[in-house]
Structures are given as structure tokens and as C-alpha cells.
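A.B. asks: With positions in the sequence shown counted from 1, the corresponding number in the numbering used here is that position plus 12.
It cannot be assumed that every hint is accurate.
For lysine-lysine, the following DSS-like pairs were computed, each having C-alpha atoms within a straight-line distance of at most 30 Å [claimed, not checked]:
id	residue 1	residue 2
1	K50	K77
2	K14	K132
3	K347	K365
4	K14	K50
5	K73	K132
6	K143	K132
7	K150	K132
8	K129	K77
In case anyone wonders, no lab produced these hints; they're calculated from the structure. Quick caveat: nothing in here was measured; it's all calculated off a predicted structure.
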Amino acid sequence: MKRKLKVIQIGTGSWGFSWVEKALQSPWVELAGLVDMKQEMLDYAVNTYHLDPSICFLTLKEAVKHVEADAAFVVVPPAFHKEVAVEALECGLHCLVEKPLAEEMEDALKMVLAAEKAGKKLMISQNYRFKRAPQTVKQIVEKGFVGEIGSVFINFQKAPHFTGFRTEMFEPLIQDMSIHHFDQIRGILGLNPVRIKAHSWNTSWSWFKGNPAASVIFEMENGAVVSYNGNWVSQGWETTWDGDWRIQGSEGEIHWHNNQVILHPSDLFVSVFQDGAVEKNGDLVFDLAAMEEEERMASIAEFAAAIAENREPETNGRDNLYSLAMVLGAKYAAKTGESVEVADLLDPRHFSKYSHIDD
13 MKRKLKVIQI GTGSWGFSWV EKALQSPWVE LAGLVDMKQE MLDYAVNTYH
63 LDPSICFLTL KEAVKHVEAD AAFVVVPPAF HKEVAVEALE CGLHCLVEKP
113 LAEEMEDALK MVLAAEKAGK KLMISQNYRF KRAPQTVKQI VEKGFVGEIG
163 SVFINFQKAP HFTGFRTEMF EPLIQDMSIH HFDQIRGILG LNPVRIKAHS
213 WNTSWSWFKG NPAASVIFEM ENGAVVSYNG NWVSQGWETT WDGDWRIQGS
263 EGEIHWHNNQ VILHPSDLFV SVFQDGAVEK NGDLVFDLAA MEEEERMASI
313 AEFAAAIAEN REPETNGRDN LYSLAMVLGA KYAAKTGESV EVADLLDPRH
363 FSKYSHIDD
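Make the full structure from the sequences, and use the hints.
C.D. replies: What follows is the structure, encoded as C-alpha cells:
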């Protein structure tokens, strides 16, 4: 096995400690250091995960003085992603950053430019991409079984009774959850959006202060239209966390739901000659793609592989600007009722218009 990537993790907390667990479990990385501004959090990590206290630090500056590292996991709140990631990059560390890349496009671009200046990899952990079902759907699309994509319909329905920061957010669904689905749209279709329309709302029975339901329309670069409907206060029907997808093209439809991937082809030869699929009532039910790792473990594996192979990771920072633009554009369109051009969201001349949308 190749030498493990030596990683300093920056940030702990409830979610951060789950990253500590992933780092300790992964065959691709070695946890070389842990940084948090609160000593009690470091003490908890030492006692819970049996870490050597000598690898725990209150600042990244101290950590890089005392431990050898190749990369950093940035697991601080999104408002601090830019500050922490830029410091890590300037210290010569590749960075794997929890989603979202940043809260504002200006900060996200600064992170991307800092990575490019340092000659280091910047990857966003869009872990929903790295699962067997979406990888299966992506492969079917890439093989052209549904032809040219024209329409995509996505329904997401859940009722998670969160407490804490999510219940206080202005657009909790779009900002905290839909980023996963929006990034999957790009990953599966291999297309970027060009225009966004949206409407969001709250309900009388909601436990959220902000809007937990939204309808978003994305016009894609090939002319296809994606219709996304999401709801975090469902009163009945619930989908999986991936949602219920129908991808329709000139040659058929893919229906992905409940962790099943079903192809309804218009071409008889497609329905007869496909390995790894079972014909049922004219449809093809596909086996899910084999993966050595899934979700965050797969994100870590991709990050380590990209560094070892000196290539850009699949969800690299510059590419992820489009996924962030989908979130910011949906929030702005929902707030104002205006259609948003993605090119404007990515243009530094317009950053101020689309910043601090929650204010």
C-alpha cells in the first residue's frame, strides 16, 4: 500500500468528531494532528478516541510546527471555511472541506485562487455523489441509454425534527440539504445550469423559523429543464434522503427511487442486451454499481487518490463553484421572485448583489 496521506483535522464538534472517526478508519489517511480552539474539545477527543495529546493543538500554526502533514480536513462552520482553508493552503496543505464550499461566492473564489496559487488540491466533500445508486444512474446516462436529456423531475420529502441552528436558518432546506441534490444534478447529468427560478415557503405546522419547502427550476446548458421540489416538513409521503428522480431523454426514462435504479428504454435492443440488469415488464432493473468505499469514506479516498495521481478531484473547488451558485441562485430567486443567471453569480462584478441574501 502507498504511504498514507498525513492529515491535520481542523474543527471538532458533534459532526467534526464523526470526521475523526472516519480519519481513524480510513486506509488512505493517517490522522497526524487535530486542531480546535477549545481545549475541552481536544480533551474529549483524546479521551474518546485515545489520541496522543501531543498531536492536539489550539491553532493550526502550532500544529504545522510540531507535526508533519500533507493535507487538512476543514470541518469548521461554513462561515469560517475561507479563513481556515486559506491559512491551511498557505501552510502548504491540500484541503478537503466539508460542504458547502463557503457561504458567499466571493469567499469561495478566494479559496479556489489560494489553492491554485499554492499549487495544492482543494476538494469539497459532496458525499452524496459517492454512493452506489447515483453512480449507477450516472453510468446509464453516460452510456446514452436515455439519449439526449430533456427533462428531470426530482421530489424530496422528509420530516426531520431538527433542533439547533437549522431551525433558525433563513432557507434551511435549500442551504443545508438541497446542496446535496443540486450537486448530484451536475454530477449525474454532466451539465451545468445557466438559469435559476425558485419559490420557497413555510407551513403552519412547521418547526422551522425559515422556509423548509421549495420548488426550484434549473435551465441547463443543453436546454434541459430540471424541476426540483423539496420539503422538510412532509405530513405523509417520505422519500429516501436522495429523493425520487425521473430523468427523461429522447430514448427513454431513468427512475431512481428507494435505492432502486430502473430504466424504461424505447429501444428494444437496449432492453435485451444489458449486463447487470434484469428485464421486468419491459423495464430494466439495474444492479447498483460496485464501490470500494461510499459517502465520506469515498470522498476521503478520492481526495487521497487525486493527490497521489496529481490530478483534480471530482468535486474540486473550481468545479464546485457551480454547485454553490445553484444554492445562492435558488435563495436569491426565492427571496426576490427574479430569474437568476448563473453567469452573474460567478462574476465578481456581481458578488455584492448576491451576497448576504439572508439579511
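A.B. asks: All hints are to be evaluated individually against the structure, with a verdict given for each.
C.D. replies: Now the hints, each set against the structure:
no.	hint	in the structure
1	K50 - K77	19 Å, holds
2	K14 - K132	19 Å, holds
3	K347 - K365	13 Å, holds
4	K14 - K50	34 Å, violated
5	K73 - K132	18 Å, holds
6	K143 - K132	26 Å, holds
7	K150 - K132	28 Å, holds
8	K129 - K77	22 Å, holds
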